[in-house]
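Colleague: One-letter residues, chain by chain:
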Amino acid sequence: MYIKKILPLKYLITFLILISFLAGCTSTKNQTEIKPVSETAFLMGTMAKITIYDELEDKQIFQKVFDRISQIEDRMTINDDNEKSEIMQLNNSGGQAYTKLSADTFYVLEKGKYYSELSNSKFDITIGPLVKLWNIGTESARIPDAMEIEKTLHLINHQNLLLDKGNLSAKLNNAGMIVDLGGIAKGYAADEAAKILREAGIEHAIINLGGNILTLNTKPDGSYYRLGLQDPLEPRGDYMGIVMLNNQALVSSGTYERYFELDGKRYHHILNPKTGYPEENAIFSISIVTEDSVDADALSTVIFLLGLEEGMQMIETLPNTEAIFITSDKKVYTSSGINDSNFEIVKDEYQLQK
Amino acid sequence: MKLKKGDAVILILLIVAALGWFIKDFIWPDNIDKHAVIKVDSQIYDTLSLNNSNEHMEIPVNLPENNYVHIVMEKDKIWVEDASCPDKVCVKTGIITKSGQSIVCLPNKTVVYIEGAGKTDIDDGAF
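Just so you know, the sequences run in chain order G and U. Per the numbering used here, the very first residue in the first sequence carries number 1; after that it's consecutive. Per the numbering used here, the very first residue in the second sequence carries number 1; after that it's consecutive.
Keep in mind that the hints were calculated from the coordinates and are not lab data. Please note: incorrect hints may appear among the correct ones.
Taking lysine to aspartate or glutamate pairs in the DMTMM-like style, the calculated list, with each CA pair at most 25 Å apart, reads [to be verified]:
1. U/Lys39 x G/Asp238
2. G/Lys49 x U/Asp41
3. U/Lys88 x G/Asp263
4. U/Lys77 x U/Glu115
5. U/Lys109 x G/Asp74
So that you can see chain G by itself, here it is in the shape it has in the complex:
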C-alpha cells in the first residue's frame, strides 16, 4: 500500500530531474554564446562593417580601425580633390618628377604592378584614364566614342609606372596617365584593419569592406565563418551559395556590381585595357579566396579579365588561392581546393561543374 502511493511521486521526481537537465543545458548554452558586436562606417566609397566576436571591454577599437581605413583612403583616392592623396599627386606629376610616397601607397602600387605583369597586361593598374572616360557608377556614365577610346588606350601601360623602392617614390612616364587603385586599395585596407584588431588582442572578427570579406581565425567555438556568396542575378544580400572561411579573405567581382544600361545593353565596370570596353565574356561573377585580402581583391579583377579557362589555369599555379566562377548559364566552376567542406550551393538552379 505504502509503495503504491509513493510510486507516482517517484515518477514525478524523475521527470522533474530530467526536465531540469534540459533547462540546464539551454541556459549554459546561452551564457557561452557571446553575441558578436558590429559597427559600420562609410569609407572608401562604400560601407565598412566590422564584426567582433570576442568579448569587448571598450568599443574604441572600432574607431581605431575606421581611422586607419580612412587614412588609407586619403592616401590612395582619385575621386575627389583630396590634397592628402599621394596617388593624385603621382597622377598630376606624370611626365615630370618622382613623387614621394608612404609605405602604404608604395606597397599597393607594387602589388598593382605585380598583377599587371602576372596577367600579361590583361589587367593594368594604369587604367585610370579609361575609368574616367566611362565614369561607370557615377551620374555622368556614358558610352565614349571610338576616337576617345583610341586616344585613351595609348595612355595605359603599367610599364610606364616606375617604382623606386629605395626612395619610396614613383613616377608616371607620360602626362595624362592615371593610376587607379580602385581594384586593390580596399583589399589592402582590410588587411591593415585586421592588423589593428590583432594588435588589440582580438582573435575572432569579420571585416567587410563593401562586400570584400576578411576573417580573423574561426568563430570562438572553432567553427568556420559562413559567408553568403552573392547571387549575380538577384538584389544584393541574396546569396546562391555559402563559403566557409578560416583566417581567409573572400572577394567577389562581377558584372552586377556597378553598371549602367543603355538601349537594353548593360555596360558593367570591369574594363578591358586592350579594347577599351567592358570585358565581354561568359563570367557573371568570380570570387577569390586567399590569405591576404589585397591579393583576393586584385585577383578578382585580374581573373575576371583572363576569363574562365586562362583564369582557372592561373589560380591553380598560385599557392593558397582558390576561385569560384559563376557563368551566364548559371554553371559554377571551382578550383581544386574548393570542396564540400568549404563551399555549398544553396540554390538548385546553380549547377556545380566537375
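Please arrange chain U on chain G, whose structure you already have, making use of the hints.
Modeller: Same frame as chain G, now just chain U:
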C-alpha cells in the same frame, strides 16, 4: 493492458509539457522582433517592427541639402521608393523581406536592413 496510475501521471505530464512548449511560442515568440533598422551616417534613424504593421507606411528620410531617401514599409517587407542619389542603386535593389538583407544608398549614407526573426544561415555576405 491496464494503464497504471504512474503511467497516467507520466502521460499527463508529457502532454502538459508538450502543450506548454507550443504555448510558450505563442506567448513569447522568438521572432517578435523582426524589425527594419534605418541608419543614416552610421547613426540609427529609426527602428520599425515589420511583423506588426498591417498597413502601408511611408518613411520620408529628409537629409541636408535637399537630399532624401523615401522608404516604404508594408507587412514583412520594406523598400526604397525614391531617393535623391544619382545612381538609384537603392531603388533598384528592390524589396527586402528577410533578416540579413539590406539596402544601401551610398551617396546619402543611408542603410536599411532587417534584423532578428529566426536564424540566418550565414554570418555575413560577400558581394
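Colleague: Work down the list of hints and note, for each, if the structure agrees.
Modeller: Okay, the hints, checked on the actual structure:
{"no.": "1", "hint": "U/Lys39 x G/Asp238", "verdict": "holds (20 Å)"}
{"no.": "2", "hint": "G/Lys49 x U/Asp41", "verdict": "holds (13 Å)"}
{"no.": "3", "hint": "U/Lys88 x G/Asp263", "verdict": "holds (18 Å)"}
{"no.": "4", "hint": "U/Lys77 x U/Glu115", "verdict": "holds (12 Å)"}
{"no.": "5", "hint": "U/Lys109 x G/Asp74", "verdict": "holds (18 Å)"}
Of the hints listed earlier, there is not a single one the structure fails to meet.
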